[in-house]
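*Asks:* These protein sequence lines are chains A and B, in that order. One point on numbering: in the numbering used here, the residue at position 31 of the first sequence is 31, and numbering is uninterrupted. Take any residue in the second sequence, count from 1 to its spot, add 1000: that is its number in the numbering used here.
Each hint should be verified, as a subset may be incorrect.
What the hints assert, rightly or not - Beta-carbon label-pair distances, calculated as ranges: (1) A:R28 / B:E1059: 44 to 50 Å; (2) A:T27 / B:A1312: 38 to 44 Å; (3) B:E1115 / A:E75: 52 to 58 Å; (4) A:V10 / B:E1275: 34 to 40 Å; (5) B:R1212 / A:T27: 36 to 42 Å; (6) A:E65 / B:I1027: 45 to 51 Å; (7) A:T13 / B:V1338: 47 to 53 Å; (8) A:I5 / B:G1090: 33 to 39 Å; (9) A:A72 / B:D1289: 42 to 48 Å; (10) B:F1213 / A:E65: 28 to 34 Å.
What the hints assert, rightly or not - Okay, the calculated bits of chain A under chain B, using three or more residues with CB under 8 Å as the criterion: (11) 4 to 18; (12) 26 to 36; (13) 45 to 54; (14) 66 to 74.
What the hints assert, rightly or not - Which bits of chain B does chain A cover? Going by a derived footprint, with three or more residues having C-beta under 8 Å, they are: (15) 1123 to 1132; (16) 1150 to 1159; (17) 1193 to 1207; (18) 1257 to 1263.
Simulated from the structure, these hints should not be mistaken for lab results. We put the beta carbon where it would ideally sit given N, CA and C, even for glycine.
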Amino acid sequence: MCLGIPGRVVAITDAERRLGLVEIAGTRREVSLACVVEPDRAPETCVGAWVLVHVGFALARIGEEEARATLAVLEELGEVQEELAAMRASGS
Amino acid sequence: MKFVDEFRDPERARRLVAAIEGLVADIPTCRERPLSIMEVCGGHTHAIFKFGIEGMLPEEIELVHGPGCPVCVLPMGRVDDCVALAETPGVIFTTFGDAMRVPGSRKSLLQAKAEGADVRMVYSPLDALAIARRHPDREVVFFGLGFETTMPATALTILQAEREGIRNFSVFCNHITIIPTIKAILDSPDMQLDGFLGPGHVSAVIGTRPYRFIPEVYGRPVVIAGFEPLDILHALWRVLVQIREGRPRVENQYHRVVREEGNRAALAAIERVFELREFFEWRGLGSIDHSGVRIRDAYARFDAERRFSIPALKIADPRSCQCGEVLKGVLKPWQCKVFGTACTPETPLGALMVSSEGACAAWYQYGDLDRVMEARA
Ligand code: SF4
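Chain B extracted, bound-state conformation:
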């Protein structure tokens, strides 16, 4: 496929790995402890596992998987809210497939559907709007999820609904925003990070400037990266060059998609429809100031939080789950007590085992499962 195959060439990958090895030999500090480089975006996490990138890298580099999987970071109570909405008489609840099997404290959306709730998987919020058009007698709620990649889609769909005067469409808004999240990670005392792979598609929307505080205030390199193996290796190489030179800055490896100023139309739509929440509750990371958005007053009639009563209870994670530690990168997925035993993709206990962007699911699918299980037995 165009723009895909060229960036998967094994020969080029091999040479890049050799270049990385050469650089690592030149960075003395990594002989004491490995360099920790975090990929913030769940898409990168998935690609790293899928292409076995960790296995290609020298021991001196450790990849830390960040909290970039939007379904994974939702606290359990939020799934309960979705189930409550889905079970409200007259409601058609629409969601991306990733959220269907995430366990709530009582049940997942998939279980609610099996018990008779009208839950439908959609690929796009536009498909949810189309359902609302077809069923004017029903209330269609869309579960709005994700960082700045999916935020413009939700915003533009709301604007479209307004233009058409559609009255039976609303959004349960759980969109989150990347910059406060990265800041919270940098401020967290148990994180020791040497650099970042910057999210590719979030940056296509917000551009490269918002990351400047990372080198300027925290002295860490950031390289915005694409999603193919060569992109990721190339970006890692550039992070290492910055570390060796001791000159942290924001670089953009993903030129073919990311422009410095981002995407104006997408940013304008976000700005028009959403405003920052004072705080947002994350799974594993606790409450982070200004890390979520809500729908502005001007679009209140498209806001499911105002149109329905939502329980919004705080529910603690089951005790055996260590999703929080894995999300923060403190534990590797396979180090969770229940990984592969009580928690598998068929019977997930945490969202990280469900979403294609979740570290546990990716590890389960592509990691060296036999070795982990043997070591445990």
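Chain A extracted, bound-state conformation:
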């Protein structure tokens, strides 16, 4: 229940009720976009966005930049670690 699935908004189906089609791992389903439409903006602005879907509602937009940044941090962490390991191993 708490596991959300990432999907991409492909179309708006009912602007008034803020419903849209979201493609999740190849299948499409109608999902409420009420929590991810920015205030005072049309639901259409969501099309193309990656969202996290929970029980039929898009609960958050997934930030592509943030995703990339996290991966970069992980990469660095790994590198530092290898260096440390090399440091420890060297001369022993």
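Given the coordinates of chain A, work out where chain B with the ligand should sit on it, guided by the hints.
*Replies:* For chain B with the ligand alone, kept in the frame of chain A given last:
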């Protein structure tokens, strides 16, 4: 899949584990006793078992599975209430699949359905509302469950029902709220925790600020984490860094989804429809003040508790069950007396063996079952 595969890369995971091992070597206290880190969210519990994360970690780290599985924490009497509602003439009872097989004192919803009650599994409360639209002559009740992740969905569905003037839809509200729950765990004398993995999707709704009391009052680190293996390892690493530095704070590892202020639209919907209950009864944890919500007076006509008579009896767990201890993290799932014998996914005695987020079900599915059974024989 996008945003999934990148966070499952085994090579990166291996390096993260090495980083964690390096850190642990730097924390002297964990030589005396392992560091206990609790994941509060059932989604994390599931991911930890599924990806075998415990097996990757050094012995000095112990993961404690918290009470974050919303079906698991419902006392047995609540299942009986659902069955009573489902058996009320004219009612279509709708629920998430997770709740179908949870045993009540007499029967589960699945058994009630087999005996003729109209119980339907839905993926979303919106699907329950659609059933109400299609059957104006029937009363459709939705079993509202879960923390702040599913709360906005229920709230927005009620608001939608109001907008459309749908009169045959109501919610049996058993939503619970995370902060009082964490507080109760921190206040519990049998819990010795060194840090927390903060729930990812609850935090997408409530943001990061509500957790501040954990470092400020209790001096424990919290790192809000995503659900992929690299997310969990990365968050654990950050908890350890905080422990080593002796500088507990709230950190957010799950930047791609969680914003500091949370989700305003979701919070506004929750605020509009729900209010805190004085207390809420949990399985295993007893009654926790302000840990549940109910539907506000303004939306009373969508409240199943007011529209139907609900038995609301207190039913003690069967004696052989140790769900309470497992929920609190005092016992490991396989340490329960009936784990894998009287209690299996086919014949569950407790909800923890049913829900995909339950620790017992996850352990049964992904744990080293043969070893446990051998050790017992
Ligand atoms: S094994 Fe069954 S009875 Fe024991 S704690 Fe798990 S769910 Fe409860």
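*Asks:* Going through the earlier hints one by one, which of them does the structure break, listed in rising order?
*Replies:* Of the numbered hints, just 6 does not hold.
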